[in-house]
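Colleague: Each chain, letter by letter, is given below.
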Amino acid sequence: MYNFEFEKPSTIADAVAALGDEDAQALGGGQTLIPTLKQRLAAPSVLVSLSGIAEMKGVCVDDDGSVSIGGATTHATVANEAASSYPALAALAGQIGDPAVRNRGTIGGSIANNDPAACYPAGALGSGATIITNTRQIAADDFFDGMFSTALDEGEIITTVRFPVPQAASYQKFLQPASRFALVGVYLARFADGVRVAVTGAGEDGVFRWTEAEEALNKEFRADALMDLRINPANMIADLHGSKEYRAHLVGVMTKRAVEACL
Amino acid sequence: MTQVSMTVNGKSVSGDVEGRTLLSSFLRDNLHLTGTHVGCDTAQCGACVVHVNGEAVKSCNMLALEADGADVGTIEGQANDDGSLNVIQQAFQDHHGLQCGFCTPGMVMSAAALLKENPRPTEAEIRKYLEGNLCRCTGYHNIVKAIMAASGQDVSSIAAE
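Protein chains in written order, with my numbering: chain A, 1 to 263; chain B, 1 to 161.
Chain A extracted, bound-state conformation (with noise of 0.2 Å):
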């Protein structure tokens, strides 16, 4: 890996005061971005830890119910800590990666990197959540932009994601078991308003709502409400791992799967 200045501070103001650098980068748990710059995919002059910020850690439950973490909260922490305010969400984080990854991974960083086959995408995407930065709040409807991109500008952090808890609420793991990411995962959540499905793993622009099942299941919250449905291959994700005929089809079962949990 080629060598950068390594900054930790210890607000949020400090960080943002870093991240002005020029090819400076924000480093959450890194673990997506140590081995990035191990193969010299990446070479920031000052790498900016977020893991010294206290007021980015921690799970809370705000006033109105929905559940606020924090944008350096470890998978771990989540795993624990939001099991009774959200078990879905935090059954989510126990499955990302394995035990030694969970506690150095972070939420802030797993949604900014927005890998097209991680679980925290569709976690947030299915449940409605708000990406709190240091400068503006956005739907998680809008910050998903495509494989590995996001709505953040250069040098915004994520420095709280608040989750509006549903009546019920499943994510359905298809496990690729060497990378230990989803080979398909659903993210299905039902609020009184409606249902949200997000996929992820799947769509070659990364995490997507289908759309089409909500709707079905909006009419009929049951899994032979998708019984006619398909999901088009042709934008699928195509590896050595699956095809697109493969993931599509994965992607009903797990739909399934999630909406039979939630009943």
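Careful, some of the hints might be misleading.
Now the stretches of chain B that chain A is said to cover, found in silico as 3 or more residues with beta-carbon under 8 Å [as the list claims (entries may be wrong)]:
(1) 15-23
(2) 63-69
(3) 79-93
(4) 126-137
Hints are computed from structural coordinates only; laboratory data are not their basis. Glycine included, every Cβ here is placed at the ideal spot set by N, Cα and C.
Here the structure of chain A is known, so what remains is to put chain B in place on it, guided by the hints.
Modeller: Frame of chain A; chain B shown alone:
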């Protein structure tokens, strides 16, 4: 170069490192604690697992400067004070939980982290917890058996395979 200081196996240590120096490199190259193995260097295999403030982490995927001020535990600190093997290490020996031994430091460190949070894990829980530790020799069976034995559970019904 930047100075980094931490506690490793109960001793205060410090050294000069670059921004890019990995925790695994600091342990092995600066402190000569070569029990922490670097297998894949891509955070897949878990041979480099150490404890940072009590939590298992992959030291090849963490910068040394991120561990500044931390309490780090490595395989070298696992033995009992009199130098005898601790209960997990002894169980690995008793139940033939290793062959070539390359993955063993990471396996022992992960096992210690597991037993701290779950003192009597089921076989399934052990296998799940070890998902990030790869062994290419044993087929895992005796590793799982050793960890069950280290947690004080009867393993006589688990056949050797």
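Colleague: Can you give the numbers of the hints that this structure goes against, from lowest to highest?
Modeller: 3
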